[in-house]
Every structure is written in structure tokens, then in C-alpha cells.
Amino acid sequence: MPSQEAAHAVRAVIALLVAGEYEELESLTEGRRLSAHQMREALRGHVLISPPAAALAGLRPAERVPDAGCEHSYLLDVPLWTAREGRSALSVRLVLSEVMEHVWAVEVVAIGDVWHGGAPQAGPA
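Each residue of the sequence shown is one higher than the one before, counting from 1 in the UniProt record's numbering.
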């Protein structure tokens with residue numbers, strides 16, 4: 001993870017998804033990429049649970065995002081955990097951008113079966 005502040009932003013997004021607070025998450029991300037409705041639809045039928053702390057501690061950005069408008073922007077796939085499966089095939093794809101020193105913004109790019117090469121279930125239209 002790029003920094004403790006970035007890790008905190010990721011944990012906040014996961015906590016909002018687990019709580020089903022899609023409108024709050026849409027507000028936090030300024031409605032970029034996915035709406036609350038799209039997030040809700042992508043997770044319909046799944047009961048998310050909080051992942052173990054160790055599951056988020058080892059995350060590493062998949063790649064750098066060159067034209068995100070910030071010097072430090074990273075694409076990150078975060079596995080989602082469900083009550084039924086534990087770690088599931090679902091993940092949330094995020095863009096983390098350092099908008100000011102130690103201040104990270106998050107965009108929810110997609111939610112779906114992106115860990116196994118499948119097309120995301122929800123994404124920009």
C-alpha cells in the first residue's frame with residue numbers, strides 16, 4: 001500500500017460497502033465512475049462481511065495510473081469477503097490518488113469478478 005493514509009482510505013471504502021452505505025460511498029467518491037445504484041446492483045445477493053485485518057495489510061497496487069491528474073495514482077483490486085464464502089471471487093477495483101500530501105481520494109471503478117479475469121459486473125457506462 002502506498003501509505004498509511006491510503007490504507008485508511010481503502011479500509012473506509014470497504015467498511016461502507018460492508019455496511020451497505022452506497023449513497024455515502026457515492027458522495028465520498030463524488031459520484032465518479034459508479035453510482036450508489038450501480039454498486040447496489042453489483043452486490044445484489046451477496047452479504048459482505050469485513051475482511052480480516054491481515055487481508056488488507058498485504059495489498060499492493062496493481063499498476064500506476066499515468067493520466068489520473070495526480071502525481072501518485074494507483075489501480076488497486078481489493079478482494080471482498082462474504083458471509084457465505086469468506087474470501088469470495090468478488091473484488092472492488094479502486095483508483096487511489098494522492099490529491100495533496102498525505103491526502104488520498106478514492107474512486108470505485110468496478111465491482112465484480114475481476115480477480116478471476118471476468119468482466120466487472122458494474123462499471124462506467
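Derived by calculation from the structure, the hints in this document are not laboratory data.
Treat the hints with care, since some could be wrong.
[What the hints assert, rightly or not] The calculated label-pair distances, taken between Cβ atoms and stated as ranges, are:
| id | residue 1 | residue 2 | range |
| --- | --- | --- | --- |
| 1 | Gly45 | Glu5 | 31 to 37 Å |
| 2 | Glu85 | Ser3 | 26 to 32 Å |
| 3 | Glu24 | Ala53 | 21 to 27 Å |
| 4 | Glu71 | Asp113 | 17 to 23 Å |
| 5 | Glu5 | Glu41 | 29 to 35 Å |
| 6 | His102 | Arg60 | 30 to 36 Å |
| 7 | Ile49 | Val103 | 25 to 31 Å |
Cβ coordinates follow ideal geometry from the N, Cα and C atoms, glycine included.
Hints and how they fare:
{"no.": "1", "hint": "Gly45 / Glu5: 31 to 37 Å", "in the structure": "33 Å, holds"}
{"no.": "2", "hint": "Glu85 / Ser3: 26 to 32 Å", "in the structure": "30 Å, holds"}
{"no.": "3", "hint": "Glu24 / Ala53: 21 to 27 Å", "in the structure": "22 Å, holds"}
{"no.": "4", "hint": "Glu71 / Asp113: 17 to 23 Å", "in the structure": "32 Å, violated"}
{"no.": "5", "hint": "Glu5 / Glu41: 29 to 35 Å", "in the structure": "30 Å, holds"}
{"no.": "6", "hint": "His102 / Arg60: 30 to 36 Å", "in the structure": "19 Å, violated"}
{"no.": "7", "hint": "Ile49 / Val103: 25 to 31 Å", "in the structure": "29 Å, holds"}
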